[in-house]
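K.L.:
As you go down the protein sequences, you meet chains A and B in turn. The first sequence begins at 1 in the numbering used here and counts up by one. The second sequence begins at 1001 in the numbering used here and counts up by one.
Please keep in mind that the hints were generated in silico from the structure rather than gathered at the bench. Predicted model only: the values in this text are computed from it and were never measured. Where is the CB? At the ideal position from N, CA and C, for every residue including glycine. Mixed in with the good hints there might be a few duds.
Not close to chain A: a few residues of chain B, all C-beta gaps over 10 Å, as computed [unchecked claim]:
(1) Thr-1002
(2) Gly-1184
(3) Asp-1199
(4) Pro-1209
(5) Asn-1224
(6) Ala-1248
(7) Pro-1304
(8) His-1359
(9) Gly-1377
A few chain B residues that face chain A, going by a derived Cβ cut-off under 7 Å, partial list only [what the hints assert, rightly or not]:
(10) Met-1003
(11) Leu-1080
(12) Leu-1083
(13) Ala-1087
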Amino acid sequence: MFDGLLLLPVGLDWGHASPALGWLWLVLVASGLYHGINPGMGWPLAVSAGLMDKSPRALFHALWALSAGHLLATLLVLLPFAFLLVLAEWQRPIQLVASLLVIGFGVYRLVDRRHPRALARIPPTQLALWSFAVAIAHGAALMLVPIYLGLCRAFELDAGHQAAGELMKANVGMAVLVSLVHVIAMVSAGGCLAWLVYRYLGLRFVSRSWFNLDAVWATSLVLVGAVALAFNLGG
Amino acid sequence: MTMRPDPTFHASPKLAMEAPAENFAYTLLLSPDFSKPDALAVIDVKPGSPTYSQIVHTVTMPHKGDEFHHFGWNACSSALSPLAGHAFIERRYLIIPGLRSSRIYIIDTKPDPTKAKIHKIIEPEEVFKKTGYSRPHTIHCGPDGIYVSTLGGGGKDGTDGPPGVFIMDCETFEVLGRWEIDRGPQTLHYDFWWNLPRDYMVTSEWALPPQFENGIVPEDLLSNKYGHRLHFWDLRARRNVQTIDLGANHQMALEVRPAHDPVREYGFVGVVVDTTNLEASIWTWWREGGKFHAEKTATIPPEPAPKEKLPPLLQGFGAVPPLVTDIDLSMDDRFLYVSCWGTGEMRQYDVSDPRKPKHAGSVHIGGIARRTPHPSGKAFAAGPQMVEISRDGRRVYWTNSLYSTWDDQFYPDGVPGVEVMANVGRNGGLELDKDYFVSFPDGYRAHQIRLEGGDCSTDSFCYPSV
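Bound-form chain A, shown alone (with noise of 0.2 Å):
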């Protein structure tokens, strides 16, 4: 999957990009940050992992597995938009019907604060499942699609006069970065809040430290894809 980081290069023209971009990398810092240190993506998981094999390697090991789980399932949400971005002049209504999708989906997990019970089927030893599941269930990789198709459009990779081949190739790449900053940010920020309490807080941070944070997680999602409307419509 590293490949499509090579290609970037080839596909990206960083002399085109607009104004926006900065704000969109910092966006997409800011929500891997944010999914690291909500507990519900898993950084509990590593403190419980480390204080049961009595070793900081098993929270590292942990943390790892949670990150791969979350790459994963980021990339299978984004990718199946880097193949449809090629269809160059649909990239509006795309770009509209993603939006709608992330609010829809935020509209949802207001209303229905239910958490999926098959979640609790998935064993303690298979964290990599599990931070996949949850990302999956949760919206986590879906925050990620406006903002994802706001960096395509910003570097004009839809631009016409791109072939096909190369503009897919372009489109990949930029999906595999979008994710590594993603899952990078959310693991430093999972990472340090793991070993902080691992390390110096002590255990009884975790309870101390949990907020519901289901509403402001579901009007994230909300947020996320109004702007990205506004955006597209505005734009």
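Fit chain B to the given chain A structure using the hints.
P.N.:
Just chain B, lined up with the frame of chain A:
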């Protein structure tokens, strides 16, 4: 839904021990002749309170004949499971099953235990229809719902199919359905508990309803037809992965008490009676090399007694069997308390080395032959039975009734409901508190106790004590 986890949820057993002490004890009352509705008594256990050791509130049920036995909370520390990722429920509702009726009561203990009231009643038909099980027994709050063990299968006498575990929603209390996907050789049920991060469940065996509802069946006992096996399950896969037979003479393997610290992959189970010698025994089970093992690690001998002191059931034996009917493990996994309901003794074992329990303390009270009174001078009928330990391990509470029809066979003179408490020394030792003696209203017997904010047989943890 709350914004923060309930303050009575604790990440580790150590944090639970450091939490404020309990102010109230909830105790189940049963009417043994079914002439009155069963009830939940709320007892003031706050030292220095003007109503200390008194019933300060009673919730009386609208039906008769439920036979209350065990109960539990809708949610506990297991809600902090990092896998569930959703700790925003309250420890608020007590789930009380009627063992005889299969009716389940949901009692709301907020805003104040002294104002506890019925929140919902689940009729037996719903349990039958959705699970095919009957006679709900042990309640445990899991990270994904309330787990309920049952003693009966379908049909009028509960023998149509094996009993098992079912799950209820911890917020709506809807019965969701059977838990097991593959029960293996399991056909009997009693207690269960688990190690959440290590992902296993342990279940034990008492008997099928015809073997207990109308009293103990001596022929079945002497032909070793009561339960004597432990079943180990893959918790998330819901499959029986191993069954250990303790030996047919080890009749009635009841309470399962895993170590609270999830790093410790061992636990205990009590066996009521060995039919070859009337002994009771404590067994240690553990996991090693991916397999479970169990061995007898402590025995309690019967006590000889003259025929005139024995109920007809025991006269042929000339001895009182200890009858270990409940065990409970302190939050720090150090002391195991063992109720000898027959001989009238509460034993304390130091189980720091789990496969070598050391008899560390003991008090005598009641008993078939001994009939030891309480230090206050008051009579204590029957013997120590359901035992509950405070989170900090300093106080041990117990009641005296086993099960309506069995009480009558072993203690034909009657079993007025009583609850007592013993103080535990810093390094073990056990002494009855002469100021704590709760007598219940006439015609009621007392069974399981639950402590406000959680106790040693309620909460399970996903993080080790460090």
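K.L.:
For each hint, tell me whether it holds in the structure or not.
P.N.:
Outcome of the hint check:
1. Annotated as non-interface, B:Thr-1002 brings its C-beta within 10 Å of a C-beta of chain A; the closest such distance is 7 Å.
2. Remark: the non-interface label on B:Gly-1184 is consistent with the geometry, its nearest Cβ contact in chain A lying 18 Å away (cut-off 10 Å).
3. For B:Asp-1199, the non-interface assignment is contradicted: its Cβ lies about 5 Å from the closest Cβ of chain A, within the 10 Å cut-off.
4. No Cβ of chain A comes within 10 Å of the Cβ of B:Pro-1209; the nearest lies about 31 Å off, and the non-interface call holds.
5. A cut-off of 10 Å between C-beta atoms confirms that B:Asn-1224 is not in contact with chain A; the least separation is 36 Å.
6. Annotated as non-interface, B:Ala-1248 keeps its C-beta farther than 10 Å from every C-beta of chain A; the closest such distance is 34 Å.
7. For B:Pro-1304, the non-interface assignment is confirmed: its Cβ lies about 49 Å from the closest Cβ of chain A, beyond the 10 Å cut-off.
8. The beta carbon of B:His-1359 sits about 31 Å from the closest Cβ of chain A, which is more than 10 Å, so the claim that it is off the interface holds.
9. No Cβ of chain A comes within 10 Å of the Cβ of B:Gly-1377; the nearest lies about 45 Å off, and the non-interface call holds.
10. Hint status for B:Met-1003: holds, given a least beta-carbon distance of 5 Å to chain A, under 7 Å.
11. Annotation: interface hint on B:Leu-1080 holds; nearest CB of chain A at approximately 6 Å, less than 7 Å.
12. Here the hint on B:Leu-1083 is kept, as its CB sits about 6 Å from the closest CB of chain A, short of 7 Å.
13. Interface hint at B:Ala-1087: satisfied, since its Cβ lies 5 Å from the closest Cβ of chain A, which is below the 7 Å cut-off.
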